[in-house]
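J.: For this one, chain A is given, so just place chain B on it according to the hints.
First to last, the protein sequences are chains A and B.
At position 64 of the first sequence the residue is numbered 64 (this note's numbering), and the sequence of numbers has no breaks.
At position 84 of the second sequence the residue is numbered 601 (this note's numbering), and the sequence of numbers has no breaks.
Calculated from the structure, these hints are not laboratory results.
Beta carbons are placed, not taken as given, at the ideal position from N, Cα and C, and that holds for glycine.
There could be a bad hint or two in this list.
Ranges between beta-carbon positions, derived for each pair [said to hold, decoys possible]:
id, chain 1, residue 1, chain 2, residue 2, range
1, B, K943, A, R305, 36 to 42 Å
2, B, P935, A, R305, 55 to 61 Å
3, A, A369, B, D704, 32 to 38 Å
4, B, L563, A, L125, 30 to 36 Å
5, B, L563, A, G505, 34 to 40 Å
6, B, G914, A, G30, 55 to 61 Å
7, A, E461, B, T531, 33 to 39 Å
8, A, R414, B, D688, 32 to 38 Å
9, B, L563, A, E167, 53 to 59 Å
10, A, Y265, B, D688, 55 to 61 Å
11, A, R305, B, L563, 49 to 55 Å
12, B, D704, A, R276, 53 to 59 Å
13, B, P829, A, E450, 56 to 62 Å
Take a look, some chain B residues computed to stay more than 10 Å from chain A by CB distance [as the list claims (entries may be wrong)]:
id, residue
14, R538
15, A546
16, E561
17, R585
18, D628
19, G650
20, V727
21, P733
22, F757
23, E826
24, A831
25, Q843
26, G880
27, A926
28, P949
29, G951
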Amino acid sequence: MLTDDTLPEEIATVERLRGLRDVVTTEMGGPEAVGAIRAAGRRTAREHIAELVDPGSFGEIGTFATFTDKVTAAHPGNFGGGIIGGHATLDGRAVTLAVDDDSLVQPGARGTGKAARLYQMARQLRNPYIEVAQGDTVPDLGPRPGKTGTDRARTFGAEPAFPGLLERGRAIPVVTAILGDASGASSFTAGLCDFLVRLEGTRLSLTSRATASGTVGQDAADGEVDAIVASPDEAYAVIRRFLSYLPSYAGGPLPVADPGAEPGYDDQIARLVPARRSRAYDMKAVIRRLCDPGTFLELKAGFARNIVTGLGRMAGIPVGVLANAPMRMAGGLTPECCLKAVSLVCLCDAFGVPLLVLQDTPGFLVSAAAERDRAVARVMTLLQAMSLVTVPTVSVVIRKAFGLAFVILDANRRADLSLAWPGAEIGFMDPPVAANVLFEPQIRELPESERTAFLAAKAAELGVGFEPFGVATNLTVDEIIEPGATRSVVAGYLRTALAAGPRPGVPGPLATWPRWS
Amino acid sequence: MADDISQAKPARLTLPEHIERLVDPGSYAPAAPAAGATEPAGGEALIDGRPVTVGYSGHALERALARRQPYVGLSSGTGGLARGGPRNLGVLDPIWGMSGGPMLLEMCRRDRIVPVVSAVVRHSFGDSSFFTGLSDFVIQLRGTSMALTGPRVLAIGTSERVTMEELGGVDVHRHNGQADVIAETLDEVYTAIRRILSFLPSCAGAPLPVRDPGAPAGPVSAGQPMRTLIDDLCDPGSFFELKRDFAPSLITGLARLDGYPVGLVASEPARDDGAWSGDACLKATRLVSHCDAFGLPVLFLVDSPGPREDHPAAVSRAMMLAQAVQLAEVPKCWVVTGQARGTGLLITGSARVATDLVLAWPGARVGYHDDPAPPADLRSAADPGPAADLGPWAPDGVVAPAGTRRVLAAHLRAVLGPAPVSRPGKVLRSWPAGF
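The following block holds chain B by itself, in its conformation from the complex:
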């Protein structure tokens, strides 16, 4: 019975089988099974030559925290109940223990010391979902369901009858933001895990994984669709998008620029003009928090008319993002490719520190809606005078699209140096993991 609901059809693999497919060949070293268990809950391995801990949900999390290395949790299925049920049904502490209580407490208090990636490779309910909800990055395999509890308990408890996928399938979580990546196959799951980890230090404070940048993909030009622009601006093939179908007026992801890993927050003017909806603010806040915790610079590409207010909690969410941007201690760069208007200016950052850089393209429109547009100040870098009228929001320089990559790369080299160590911020690493 339990098996029928805990294994999605495409993914009937054991934990070691998953791990062998995920990690560098032959590198998996299972941990000794815990007392009373017949098989290990996970173990250590290498991914692209770097040590990680892999386990069922959060069951081997402790090992990763002790080793200060990334943790990959593969959903373990259903909660404690379906795994045989507690012996003494009335007494809760054994349930707390067996349903992941200590692990969840560690997840709640970990301050993003190590990156935690969760992959939903089979149906996930109970503690398996709780672990996922507290993870930094979530990959969900099509065909699986992730929810607080399964359809069976739902049917019994509430008489609501839904299928696995209606309850918590990829079409639910790609739209509500709870899955960062939707994978069509198991291979895509493994690739996504490896890609995400490739941008991150092994732990907060460890060296940033800098790579050979390779030749730039193509010249950036004005008028490109935002995703094309990103691809051309970043190192070839490096852009890895997160939460694509959630708050689509904003694009977020991880990428490399001149070999440096960066977090990317970009307006998508093709969707709702690139307005900042409440959900877009949430999406951006989450990425900025991750970047600050793991020491990644953040690159903002701005072409937005400002906040959209017909959403719940619009004011608070906009201020939340403004707070996150302000509190982030990592280097931040902005490129205004189109318009940056009204309160949107403030959301995208007010006070700037020396490691920050604001650029605008010629013809960019920065200012209020009622300002004469485009302000004459942004026509060329040689004439920066009127730009100062934008006070703290005046761009540091006007740069041609084709020169953007070069200027950004030079800036990152200047502030990060050739062998950068991640310098995590102090505040955002403790911000809610489960936004």
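Isolated chain A, as found in the complex:
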């Protein structure tokens, strides 16, 4: 209980806290460093946080961590210890974040131990964890000669350099945004996260610039980056969108949005897909019509463009979308497409997001170059991923699907629901190629002038067997549906599947798979 005697002292203590906090949060790495950031047209770590999270929601953790000296010293420096972080809300949902404070110019002064503590808290709270990387951080090896002060490892836990992320098993969503050149420990979560955003023009390298002997890493290959943005504002927006599709933690309730109007019959969607299979069309237009308006978020858009991956909603339910892109090499699949697809499948499986697969592909593009690029290993990795999927999976053959590609995209024939549009072709091999392969001996005996007609006739014969009505006779597809009903059939199925609750054995081993191989 406060008495007249203690009150002034209490107030003095609180005022001291306020005063110190004010200095720490306004000075950051000092006026020169902050001024340099502003002069470069960039934002400070605190400004990033203010713009990213819901207004007024940021609760800071570790304000007084400096890792160098007592904060009360005349000029302590290193306020925040190189990382500003804490808890906040994004669109009303709790998140934990750690932002590199690049106003601290001395890389060795950053404390990766603070990120470790924040990650540990995110795990305990089951919050998504967001790291903004824009610094050059020397990973903590504990105190080194020439450094003074606290033993960081002892302060913040046993694994300061890797804040528990190596064993993360996708238990909570982890987002990394590269908003400035990031190297050393600042780059580590980039190789471990679920969603990697990179601001155009920034660089990512493993080796700290402060310790590199001459070489500095290159920009990350496009495939590793999920979204490339032109401004920090775009980064904040895309992080919000990405997290909006995921539960706060693996096994948590899916964030189902208000479904709006019941999905009705779409009498336009069929027009997007030309019947003649040699004609290309924009699969993304089909995806956008199937998803709730404005909900499709494409991932890795600039990489392996023969396949499209992304997140969206159907009748409010989050879905992962994996679709062939006939605009690119007719939708034929390359080894890189497999990497991209595996990445989406692991993400969806770990967080319980159902998968929608839209097929229109002549199959895997075979070539000597593809074999050199480890085609067998990569195709098999995708087969393995699809064989281990535990989330509800719906496959729709839009126009054509052949051989191994069909088998794999149909979740190794384990899709919950295999659908086909009435004009689909499904078979062991593209009919014209199959005719050539199967009837080669006969072809050789024919005069040159008759060969084309013979092949066309044989291909047509084979094609009859590839019609969905043949394929549906033994449940190779479960149902042939009207294109216009696709949205309502898929959404209806997903609603039923989710109502049944989580499945046994979920999530499976895919939750532990590396983010990229």
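T.: Frame of chain A; chain B shown alone:
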């Protein structure tokens, strides 16, 4: 027609002929042929006195999984199409069935319960290659081709004309990492299969095959080339290298140390300074995953300046290896023979458990590039003080090259005991088989 492309010239043997040459004399017991088949797809036999199942590709895999014993698949040639084609060409499920769908599903979900070795002894396309791509160890015979599909389909489908070997010969797969061992002759194929199995338990959780170590080959000394060092450090003649020509800045293989089977990951400083390229990380991750699945300790010999970043996916692959090392539950030992620098320190392991041991040779340089080198701390085991400044990466001890083998052997004896049972880890056994 089918025969012309499915049999490489040097290997026109039937399955039983291969098996008789591979297994202990007289031990092959063919399984009963499957319904509708005229000959068995494989059967059981002994290799070095231990039961295995051998078959065409994955066709007898089920038997090995049921018996919990290693499986050896000899490539069966072309896919379902060339074996006569499906009866109803439009209907896919029979194709899925006849082209190995159920077997592939088992391969994809097997969690490395039993070791699977695949030998490409004739041209391999379709399901035969798929099985190979999902195997733990792959041996390819020179003259064969292994690819998704054959040159004929390639020529018809894409007009690309390549020879068998250009498409998927040993010179393709020894460089891209898809073949662990290149064999010049069939005898080398059989020897390689027997050698690989000799290091592995019959299944995850079974006893580790410990052997009499024999006399050490020679004293280990500083300045030896890495492969010589490995030969001298391990039991004589026991080192069996895998993926030699893939990511050559790193050496991986299986070996024995004081009789215990171990996986070995060693820098090759003679190639690119021993830097960790993206492919090197992949190569090491694969070996660590195998070792963790089959309960083999892993020995790292480190002499590397750190990661090389001018490779695609450098960041993710380095982190993948860091994850694998962290997640591996088997005993791990490190010997820093030269330098262990920068992020390379982290890749080679951060948090350590009681079964792990980190040693450094006198003069080893552990730390950052900008640290004064060599740190004074590593001159002798008697003066371990400054070594503690390396925090979690401080070596447990400094050991002279000549004493390395003795210290490692004592450590393995202490953590494994005289009759060790493989204790597979929980996570890495389900990591991608087809890296």
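J.: Now look at each hint and say whether the structure bears it out.
T.: Here is how each hint holds up against the structure:
no., hint, result
1, B:K943 / A:R305: 36 to 42 Å, "holds (37 Å)"
2, B:P935 / A:R305: 55 to 61 Å, "holds (58 Å)"
3, A:A369 / B:D704: 32 to 38 Å, "holds (33 Å)"
4, B:L563 / A:L125: 30 to 36 Å, "violated (56 Å)"
5, B:L563 / A:G505: 34 to 40 Å, "holds (36 Å)"
6, B:G914 / A:G30: 55 to 61 Å, "violated (43 Å)"
7, A:E461 / B:T531: 33 to 39 Å, "holds (36 Å)"
8, A:R414 / B:D688: 32 to 38 Å, "holds (37 Å)"
9, B:L563 / A:E167: 53 to 59 Å, "violated (40 Å)"
10, A:Y265 / B:D688: 55 to 61 Å, "holds (57 Å)"
11, A:R305 / B:L563: 49 to 55 Å, "holds (52 Å)"
12, B:D704 / A:R276: 53 to 59 Å, "holds (55 Å)"
13, B:P829 / A:E450: 56 to 62 Å, "violated (49 Å)"
14, R538, "holds (26 Å)"
15, A546, "holds (30 Å)"
16, E561, "holds (26 Å)"
17, R585, "holds (20 Å)"
18, D628, "violated (8 Å)"
19, G650, "violated (4 Å)"
20, V727, "holds (30 Å)"
21, P733, "holds (34 Å)"
22, F757, "holds (21 Å)"
23, E826, "violated (4 Å)"
24, A831, "violated (7 Å)"
25, Q843, "violated (4 Å)"
26, G880, "holds (18 Å)"
27, A926, "holds (29 Å)"
28, P949, "violated (5 Å)"
29, G951, "violated (3 Å)"
Hint compliance for this structure: hints 4, 6, 9, 13, 18, 19, 23, 24, 25, 28, 29 are not met, and every other hint is.
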